[in-house]
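Asks: Mind assembling these two chains? They're in different frames, but the hints should get you there.
Those protein sequence lines, which keep their order, are chains A and B. Each residue of the first sequence is one higher than the one before, starting from 1 at the first, in our numbering. Each residue of the second sequence is one higher than the one before, starting from 433 at the first, in our numbering.
One thing to keep in mind: the hints can contain errors.
[Claimed, not checked] Now the in silico label distances, taken between C-beta atoms and shown as ranges:
| hint | chain 1 | residue 1 | chain 2 | residue 2 | range |
| --- | --- | --- | --- | --- | --- |
| 1 | B | THR831 | A | TRP104 | 50 to 60 angstroms |
| 2 | A | VAL288 | B | LEU736 | 37 to 47 angstroms |
| 3 | A | TRP92 | B | ASP691 | 43 to 53 angstroms |
| 4 | A | VAL213 | B | HIS534 | 26 to 36 angstroms |
| 5 | B | LEU646 | A | ILE103 | 51 to 61 angstroms |
| 6 | B | LEU492 | A | TYR211 | 44 to 54 angstroms |
Hints are computed from structural coordinates only; laboratory data are not their basis. Quick reminder that beta carbons are idealized off the backbone N, C-alpha and C, glycines included.
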Amino acid sequence: MSTMTATAPAVPATPAAHHVAVPISWKAPVAYTVLAVGGLLGFGLSAEAGETSLISIATGAPGLGSPSFELPTLASVIVLGLIQLALAGWAWRRASQRAKAGIWLPAVFGVALVISFLLWAVAGRGYAIQFTSLLSGALFLSVPLVFGALAGCVCEHVGVINVAIEGQLLAGAFLAAVVGSATGNPWLGLICAPLAGALVGALLALFAVRYWVDHIIVGIVLNVLVTGLTSYLFSTVLSNNTAVFSNPTQLPRWPIPLLSQIPVLGPVLFDQNVLVYLMYIAVAAFHVMLFKSRWGLRMRACGEHPKAADTVGIKVNATRIRNTILGGAVAGLGGAYFTVAAGLAFGKEMSAGRGFIALAAMILGGWKPKGAILAALLFGFADNLQNALGVVGVAIPSQFMLMAPYLVTVFAVAGLVGRVRAPAAEGVAYKG
Amino acid sequence: MRLELRQITKRFGSFVANDAIDLVVEPGQIHALLGENGAGKSTLMNVLFGLYAADGGEILLDGQPVRFSGPGEAMAAGIGMVHQHFMLVPVFSVAENVAMGHEPAKALGLIDLPKSRALVKEISERFHFDVDPDAMVEDLPVGAQQRVEIIKALSRQAKILILDEPTAVLTPQETDELMAIMRQLKAAGTSIVFITHKLREVQAVADAITVIRLGKVVGSAAPTASQTELASLMVGRSVGLGVAKAPAEPGPKALEVSDLSLVEPSGLTSLDDVSFAVARGEILAVAGVQGNGQTELTQVLLGLRHPTAGSIRLDGRELAGLSVREVLDYGVGFVPEDRSKDGMVASFTIAENLVLDQVSAAPFSKAGALDIGAIADNASRQIEQFDVRTRGVDTPIGTLSGGNQQKVVLARELSRDLRLFIASQPTRGLDVGSIEFIHARIVEERDKGTPVVIVSTELDEVLALADRIAVMYRGRFTGIVPPDTPRDVLGLMMAGVPYEEALAEHKAHAATPGALAAGAAPAVPADPEEGARP
Chain A
1 MSTMTATAPA
11 VPATPAAHHV
21 AVPISWKAPV
31 AYTVLAVGGL
41 LGFGLSAEAG
51 ETSLISIATG
61 APGLGSPSFE
71 LPTLASVIVL
81 GLIQLALAGW
91 AWRRASQRAK
101 AGIWLPAVFG
111 VALVISFLLW
121 AVAGRGYAIQ
131 FTSLLSGALF
141 LSVPLVFGAL
151 AGCVCEHVGV
161 INVAIEGQLL
171 AGAFLAAVVG
181 SATGNPWLGL
191 ICAPLAGALV
201 GALLALFAVR
211 YWVDHIIVGI
221 VLNVLVTGLT
231 SYLFSTVLSN
241 NTAVFSNPTQ
251 LPRWPIPLLS
261 QIPVLGPVLF
271 DQNVLVYLMY
281 IAVAAFHVML
291 FKSRWGLRMR
301 ACGEHPKAAD
311 TVGIKVNATR
321 IRNTILGGAV
331 AGLGGAYFTV
341 AAGLAFGKEM
351 SAGRGFIALA
361 AMILGGWKPK
371 GAILAALLFG
381 FADNLQNALG
391 VVGVAIPSQF
401 MLMAPYLVTV
411 FAVAGLVGRV
421 RAPAAEGVAY
431 KG
Chain B
433 MRLELRQITK
443 RFGSFVANDA
453 IDLVVEPGQI
463 HALLGENGAG
473 KSTLMNVLFG
483 LYAADGGEIL
493 LDGQPVRFSG
503 PGEAMAAGIG
513 MVHQHFMLVP
523 VFSVAENVAM
533 GHEPAKALGL
543 IDLPKSRALV
553 KEISERFHFD
563 VDPDAMVEDL
573 PVGAQQRVEI
583 IKALSRQAKI
593 LILDEPTAVL
603 TPQETDELMA
613 IMRQLKAAGT
623 SIVFITHKLR
633 EVQAVADAIT
643 VIRLGKVVGS
653 AAPTASQTEL
663 ASLMVGRSVG
673 LGVAKAPAEP
683 GPKALEVSDL
693 SLVEPSGLTS
703 LDDVSFAVAR
713 GEILAVAGVQ
723 GNGQTELTQV
733 LLGLRHPTAG
743 SIRLDGRELA
753 GLSVREVLDY
763 GVGFVPEDRS
773 KDGMVASFTI
783 AENLVLDQVS
793 AAPFSKAGAL
803 DIGAIADNAS
813 RQIEQFDVRT
823 RGVDTPIGTL
833 SGGNQQKVVL
843 ARELSRDLRL
853 FIASQPTRGL
863 DVGSIEFIHA
873 RIVEERDKGT
883 PVVIVSTELD
893 EVLALADRIA
903 VMYRGRFTGI
913 VPPDTPRDVL
923 GLMMAGVPYE
933 EALAEHKAHA
943 ATPGALAAGA
953 APAVPADPEE
963 GARP
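Here chain B stands alone, though its shape is the one from the complex (with noise of 0.2 angstroms):
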């Protein structure tokens, strides 16, 4: 099916998210949007799905102007959604899942799930999907769930798939698991638009790419540009790939975190036995699918849960056992995962925010009253400091775009002098400008001899910052690695192989350059440009 979109506006208010957007998905084709978060793409995928009613411009299927009115018409017309946060209902097997919206039914409408499940078996088996339709839907890991949004759009015949993200929530190899997808249900004749700002991903599958920037189509690309060009087009302007950082000198070791463990209440174990050490001047990346107990270790490292076992021993003191505010006053930074929910109060102003943390002892509150003129004080100095564009001070953060209300939390956690900085997804869903910002000003700290620990699901960001890289499965840590590891070793590391064992198979895989890993992403460790991050 040829998909056509002609001259697609969309507004919120007065903000334009799509500007006369024009595309054209041939059939059997891999079509990559690519652009940066907030550029628009999503929103236009939502338009051709019917979640958005358009302001302007009209959609062609097979040259007919089509008109949706919700999802369902979208679906009957033969186009499938797979977004970025998975429509799937958590506590529904697979095959109600797949089956929701249009079940087989017999009399009083009882569900026939026999042939729902028939469906699931069917799909699955034809592109190797291996997923039993009877698993609940939240026992599954996210590639597998993944796959369930995949034969759900399937299963409706849909001849246009669109995937939005795709790749934000899977290890390296799950990527390459569904690049190999993405190909097969190219030769099945299905058209693919594929959403990312990935550079490698679009290189590696795209038969066309079209590039969008605030809201409007900058330019189309082959898929042999280079990443450089794609890069720029992308951003608006010639960007350094990678962060100039200097080779680090760690100090004496200052973080010191042995045989941690922490227990849910459920009796699942979400840190098992984890002990590392930081030092001086020294980033330590902790990499690793989402889920995996890296946001549980830094909530016991910040003391917001205590750990079932272990110790956490930052310059001789032990932290296990203290409260949030004690470990603050020792002088931890943190920076967390959700900033809009944990890292900020979003009608407080910028100024406020710089302080949150900060207001309860002298320069900002004097004999149980704020200082607002300290506080307005510090907040122009961070302001500048930190390139926060704002109209001033008094604006409430939540006006604020997602780079600059990250510079405030950065700003408040790094203005005062730390024993400790650990930051959690510091650059999720930022622009690229905001992304080089953070990162130039975390190795700031590192060289001022602070020891950092970044998590982060990016392994681009890993790369990006660390001095040692520590890998995360399950609650335990696969092994803690040299910063110049090879992304596919990393990769299997992420899924739980042991880092020998990934070696030897990287080694293998070299050995054998047909191989669909290496085909599919140019992942060779001695390449300079390898490891940098647009």
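If we strip away everything but chain A, and leave its shape as in the complex, we get (with noise of 0.2 angstroms):
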């Protein structure tokens, strides 16, 4: 080797003089201008000079009642807009200095949006938007979407991909609306629909963990396998014993006192059923133990470095099989909605495709449970915007309006995704 005495003499690099920079991505500016261009035109050219739009609120305050307000259409809508714009251009400034535009703006963003859209919406019906059942129908209907994004939460963290959310939530859905019906009490209901997710929850790690089947592939087969025998029993024995079996029991509401007097907000948040507050606790129980207690961590070891997790004792399939049936339990949960806490008795498929949109809700909640409750209630008012105006009847189709929440989650998660980090080992057999 010392033969090879240097053919070219030693090149020390010399430090450069610049650095290459990060191609600026001027796409969310680009779309926010659009949108808002567009808001502005279209929602002010349409709208009529000297037309009026209805915004009702109900305070929850006793004696005030639900108040109205009766705004200019054209007027707000240009505020709003310009809002919008000076919001798009704030983002053009951030885009250029490389920096990035707080959480802040796309929601205040969304929301101005929105409130024009519905502004627009009810120019010269002489209804009114019913501004807080509008808010507290979105927080109801994200009930079984928080439920299932927990579930998911939790069976992802431990490594296991549920795609069976929707079984989950129709198998709860219906054990708790026989039981119910049956025992006539809602609470036994209530009681029973987690198990009926556990099962579905025990079936998924018994296939995906212990025989190493493609996690979606079982969660697919799984969710048919729950549609076709809840509908099958609904054809037949429910059907048979409509007295026994669908006979629609509901949960009470229970205002907690004090807190929903609260302006607005009490009424949204505190008039509800016990399954909402239930939702309240799960939330902040699971975003608190996922990341801060001994169950947390070990669990998500199993779904980010099983092997690790192995050479430290724990039992990772064990851990896997463990959560992945205390997952199937919270969607079970979440499925009561359906029935017990709508006071609704068991219909076929009536979850309807919730189970995926909570699956998506997790997955813009970035794995949180903290995020999965804001995308869930993003989704959630979605589909309640898609009620509220057919009630009120507006020009656009009522198939477009269903298509909505279907929108706002494919945007919604198409622009998310890449950004947030999946566990690293989810959907990977461990045969350690």
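Replies: This is the structure in structure tokens:
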């Protein structure tokens, strides 16, 4: 080797005069500008001079009732549109500085856009938008999404992809309805819902963890299985004994004293039934326990780096099985929403794809309970908006309104995926 | 604690990975387990650590027979292991990783983080590790991650520490630091089992050496044994250390890369203004610790990724912006760093793998249909030329040994007339025989007048092949230096120190022979044995 005298002299690298900068992404500011201008022109131009929009707000405070406000449509839409343009301008500025605009920007922008849309939709119709009921309805509609997303969080953090949330919701809804109806006691129904979900979770764990079947395939098969089974039982057992099994029971509404008196937010958040309160507790508890507790650390280790967990004596597959069943139970509890919480009897396929939207909410929420509830609220709001506008009788075909929540889902998830990280070992069988 | 393994046997199907192995590690001893890749060292340690169940034999700790059904039990008995691939959760903090599995907890099972932090701090300070308990593991350099692994083992009161190929991912300086830590642990009474295939390290730190070959103990040696002795014991025949290689006769410049930069979508700069040229008939070896932009450099050269700025000119043609197909057709041969993932299709036959990138045109296909005969002929010719040991050309390549797989990949790439040959980690994980063969082939290609770029994290390989050495650190070239540059200078450059500074430091060290680096490794550039590889 020493015969290899240098064929080239040593060339120490000279420090470069410049660094190549990150190419700026203009996608977000362009999108904001297009939306703002589109909204301004679309809603503004079609509003006739002198038209007004009614907004009604239930305050919840005794003596105030539900005051209505009459706003001049054109002026309001223009003001809101200018706010949106200002926000878009801020987004341009931040992008040119290669800085991130905070999460508040899309949030405020979205709220402004939605309000101008609402004002335009009800302009000159004489109907008032029931603002409070719009929000409380949104919260209620988001309940199964939140429980479903929590179930997804638990399962994915332990390394199991749970596509069977839909089936778990449906199973929970079914058992809750049947038990509630047979006993005449919605509380018993509520208690049984998680058992049904846990059973579906146990099947998922059995095939995915024990037999290494692809998690997504097992999940889809379980969804089909639960749909088929509940539909079959519905058309036979339930339809033949309507009095016993399809007699709807409903959980009572429990306004929380004092808290429910808070103006505007009180009636929205604290005049609900017990399932909604359980949801608050579940989100807070899971958020803390997942990231701060021994249980959370160990189960996340199984989903991130199972071998590392194994080498410190954590039983990976047992942990996965336990938590997949737990996740199923959480989704099952969410299923109670469709029947005993809403006061309805069981109906075929009544979960109607909410399990998949819940999965989207989990991804949009960055695999975190706190994020999941925000995403679920967004989807719930889109869903409820379509109901509310249907009642008002807006000139948009109802099919388009029905698409709204799914469009929101697709755009929201597409815009975020890649920026948040899924647990590294999810969907990967541990064969240690 | 005294560890004794008696007649440990482990089989995988019909393959015997460990065949009646005996091993005794005395308390406070550094016992090196030396063997080639695939000799069965890691399997043996996984048996000891309870990850595999032995098919025969017994384990004794201080004379008492023990039996572990899982790593948890092994740890409880005082055995700690630092795995070759770290067993750390990247998105957890150091304290969380150390606590994992035996977390101090408060009410409701909430983790007592201050307590786990204090534990990390205490051990870290005792051994001068300088590890921040709140840092995310993924943000730490590899050397620091390894110290976290050691802290993890020590926090469980490990009396016996198994280090599985611990230096594979370290710079030479980090290796010296690790050896200092090993001596410190030994002084504190910890027994260490040191698994490696690097002779230099064994000589520097071991008290006793056991050599394993093909699953059997083939002998033991004292640390005073020479490298040649150890190498022939390990390989089973006498091996010539180093590659016979005539001086390069560089022709005109063929590849000219200037101001090449690559910015990741995340905003990280993985290639930062890289410029170099390679002449015909010359090997440029890119050295550096893994993850400093070498992978990205080869990807950009091949056209797998397009550079953010800069140009790549090969024989006058601009390659930046071309597709991989166009780059290959222009005459670039490429051996990827992950052979099994990117270099071949495991379930395809050897014959098919030999023409993977050439099937779209004559002579291997006619009118859109494969010419099976031509493909088979080509395969028979290639496996003979490249000495691929196989039962036939129709054998799936996945069933071959790593060395034979790599020979197939190399045969495919070198079977064409090339304007440029790029090989990334050409001998990673291979046995000594295959390494010799592959190195000889690479030199032969150079002598045909092809410019060659070798990317390797093994300094031995770099020193064996290079006509010039480019050292890469954080996406930049720290310098392009002659092949006789001393090891520790290269090591410093791999840590980002510019050439002149590194050279000055090297001279200062040479003047004070008591220094750690000089004492630990006989890294004297004038020594003709040096730079030789097993």
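Asks: Indicate, hint by hint, whether the structure satisfies it.
Replies: Consistency of the hints with the structure:
no. : hint                                    : result
1   : THR831/B / TRP104/A: 50 to 60 angstroms : 58 angstroms, holds
2   : VAL288/A / LEU736/B: 37 to 47 angstroms : 44 angstroms, holds
3   : TRP92/A / ASP691/B: 43 to 53 angstroms  : 30 angstroms, violated
4   : VAL213/A / HIS534/B: 26 to 36 angstroms : 33 angstroms, holds
5   : LEU646/B / ILE103/A: 51 to 61 angstroms : 59 angstroms, holds
6   : LEU492/B / TYR211/A: 44 to 54 angstroms : 38 angstroms, violated
Of the numbered hints stated above, those contradicted by the structure are hints 3 and 6, listed in ascending order.
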